[in-house]
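J.: Residue-level listing of the chains:
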Amino acid sequence: MRIGIDVGGTHTDAVILEGDKVIAATKALTSADVISGVTDALDVILKDGGVSQDTIQTVMIGTTQFTNAIVQRRELSEMAAVRIGLPSGKGMPPMVDWPADMKDAIGAHIYELHGGYLYDGFALAELRQDEIDELIKDLIKHKIKNVAIASAFSPMNAEPEQVVGAAIKKAIPDARITLSHNFGRLGLMERENAAIMNTTLLPFAEKVVSSFLGALKNRGLTCPAYISQNDGTLMSSDFVQAYPALTFASGPTNSLRGAYKLTGLSDAIVVDIGGTTSDIGVLQGGFPRESNVIVDIGGIRTNFRMPDILAIGLGGGSIVSDDGRTIGPQSVGHKLVTEGIVFGGDTLTTTDIIVAAGQEDIGDRSRVSDLPQETITNAKATMRRMLDQNIDMMKPGGRDIPVILVGGGAVLVTDGLSAASILHRPENAGVANAIGAAIAQVGGEAEKMVSYKAMPREDAIAEITRAATKRAVSAGADGSTVRAVDIEETQIPYMDDGATRVRVKVIGELAT
Amino acid sequence: MSESLTHIGLEQLDDLALGSVFLATGGGGDPYVPKLITAEAIKQFGPVPLLDPKDVADDAFIVPVGSVGAPTVSLELLPSVEDAAKTLIAFEKFIGKTIDAVASFEIGGGNSVIPICAAAAKGLPVIDGDGMGRALPEAQMMSYPIGGVKPTPALAYDYAGNQATFETDTTETYERHIRAFSMAAGGMITAAEHAMTGRQLKDTVIPGTVSFSIKMGELLREKRGQADTLLKPLQDLFATSIYGQCKLLYTGKVIDKSTRIIGGYDIGEATIADFDGQSENMSVNIKNEYLLAKIGDRVAASVPDLITIVDFETGTPINAERLRFGHRVAVFATGCPDFYRSETAMKVVAPRCFGFDIDYVPVEDL
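In order, the protein sequence lines correspond to chains A and B.
Per the numbering used here, the very first residue in the first sequence carries number 44; after that it's consecutive.
Per the numbering used here, the very first residue in the second sequence carries number 4; after that it's consecutive.
Don't take every hint at face value.
Straight-line C-alpha distance at most 30 Å; calculated DSS-like pairs for lysine-lysine [what the hints assert, rightly or not]: (1) A/K438 to B/K260; (2) A/K133 to B/K46; (3) A/K438 to B/K100; (4) A/K146 to B/K46; (5) A/K133 to B/K297; (6) B/K89 to B/K100; (7) B/K260 to A/K496; (8) A/K438 to B/K89.
Just so you know, these hints were derived from the structure itself, not from any lab.
From a predicted model like this one, the values you see are computed outputs, not experimental measurements.
Using the sequences provided together with the hints, build the complete structure.
T.: Put into structure tokens, the structure is as follows:
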């Protein structure tokens, strides 16, 4: 049996799964210290399920702790950002476009060195030993232990990052170092940003992981524990201590994966309707479709692997105006239970509409009995239109596709949706996130810019797949089960006709 | 903006970059990184005087400067703040003349701001105008060579300060050579080319496009909202410009988009279906830029007129690389500056130059 726990900003969900079967599930408020909420949730499911600790084989945890730390500028450690790319990018130092409060929060020390590579593997510049020595001297002088290193085209040739990283580690053995090529993607500034955010979270990650493990141990759970990543795969607890930033956006990913598990539909649109927004995502082969655009986290541009989510201002607390012709984006949010009309308040929300229409019995129904029929009809049409139009935007290739509704606001959808070939409302949809965490597998990814003229396509893909597999195995996968789930080839304008950016993603079962 | 703009400072940059994406008609590259280095240059060296081409002396020496290469490569090979200014210094040394002002190759996309970055660091004014009034894929499509300005002597400067100089007959040959050098130098270089006198500038520049792009950005920012509510403000803005009439051609949803790289260009087609299913579908042909829009078989607009696709909900212009299935969009077409409707210009920018077997008909007559 497996336990899945999702620690969100508002709710902590937990489930016990036996194969595909949900044995016990709970949804509780997230506690201020996080850990007591987790132990409480564990107590509830272990008791409800009548399950003994020693039958639990693994625990999977999804958490927004690290995203929240970045967004709220807390628990961040002083660090150094080292860029290897001179003489290019002079006057464009690391963090040049970061919000000032974030730069202040991490007290970043910035270093720029010569080195790195060009797109075709030619050296941009040679590394200079005197610059490396100078860097180390300065790190020691300022007692800096956390270092992020990024070099130009490191996804294709990581040697400069490795050389400088090793030199620092030799001089400062307890240094915590992030090398940007471990975040894979091309885009020096964005990859460097990811490495910097990761580095500033490293000491906090050690704290979080040891307190999660402590909570499990407290409840007699001695099985291996894993943390879920933003692409729906798992990291071992050791791995998350080195790459906490890979947990960013694991919440929406787990919700999509949970919807897949609950329905068995590997290709579908998932609509997670909450209090303020509806988050629309796409399942492809049972995994979230990833976004290709720059993702902004706490005001910082990154190119993390993130699910492609379209968030629209429609939730259970969305405010209805203009006789039902306008809904949201304003929402009463978690104050729905006091401000919604059926709850005794005086703000007309989408929940009031559904109660007035007689489709749900929530709160005091008599309070909406005199709501004009026209408003109800308009509002229902508006909600339906918002969902239909936005689901259409997310549809892959315009095919007919099933839609899975999850989240507490799913009651808003009372009739069908014309954008859906079939509409599914699975049981236990409220804890889809925790289920998603519980079923996660282990993944790896690699990317390179290659010329199919210089290297045949099959050889190039095989080489990149090997690199991705190596990453998956080091993250805890059983090498014999690893397979490629996505191969993306992007041709590059204004270059040779054979120049292509290739990205391979692999997944495998947890090694036991 | 009631009074005319005399300088480009930090407060104009975001609007200039946003406006430049509208005028880029789907191409031109993302101006994000060029905007960042320009902001750093302005912070360091101060705002840049903006010079109306009318006020340029006939014997002044004007040099267009900008980036040449593959935008994807510049994701890793970052530009330096002083690259563009150093390109000008090397160019002055090469030809033994002092530059009086710099100008832009194309107002669409990243090269709208590179000359400002160069001018800031070199302490020069920048011309309020450019060589395209939009974005187009090749150097010979610039108004400067169309108007008889020679491409060379030209100089290209790479990230490490390595240089190449060019001496070619035609801009077509120059374009091939500089692209080859750009690839050899890591995929992105800065070039000073098509140097000219003030007199030649007045005869060939597409005037006022820098300040116009700022006004465009300001409009898109202030009137951000559904695309149909943008039409009137856009028409008002274009009415007093060098551009022609602006039309809202179509609103609908992208139901198909396919592109592939052929000969270094992103070539393809997007199909858009009308929101109410009343009209025939629109197809838009892409070669880096949006070049031809048809409703059914009927041509609705074609190059060199400007075809711009914006997000229907916000009015934000969408780059061709970013346009995708399901996008709810509005398609605008705007008459190009008169310069591009001349017989000489038509020889390089007519629809047939892009492989479309149709005669050019101005958008206002369609």
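J.: Is A/K438 close enough to B/K260, meaning Cα to Cα at most 30 Å?
T.: Satisfied, since the Cα-Cα distance of roughly 13 Å is no more than 30 Å.
J.: CA of A/K438 to CA of B/K100, is that 30 Å or under?
T.: Violated - the C-alpha atoms of B/K100 and A/K438 are around 58 Å apart, more than 30 Å.
J.: Next pair to validate is A/K146 with B/K46; report whether the Cα-Cα distance is within 30 Å.
T.: Holds: A/K146 and B/K46 sit about 18 Å apart, inside 30 Å.
J.: Decide if the proposed pair is consistent with the structure: A/K133 and B/K297, CA atoms, cutoff 30 Å inclusive.
T.: violated, 46 Å
J.: Given the hint that B/K260 pairs with A/K496, test it: the Cα-Cα distance must not exceed 30 Å.
T.: holds, 27 Å
J.: Verify the proposed pairing of B/K89 with B/K100, using a straight-line Cα cut of 30 Å.
T.: holds, 15 Å
J.: Holds or violated: A/K438 and B/K89, Cα atoms, limit 30 Å.
T.: Since the Cα atoms of A/K438 and B/K89 sit roughly 49 Å apart, the hinted pair is violated (cutoff 30 Å).
J.: Please work out if A/K133 and B/K46 have their alpha carbons no farther apart than 30 Å.
T.: Answer holds: A/K133 to B/K46 is near 15 Å, not above 30 Å.
Against the hints set out earlier in the document, violations occur for numbers 3, 5, 8.
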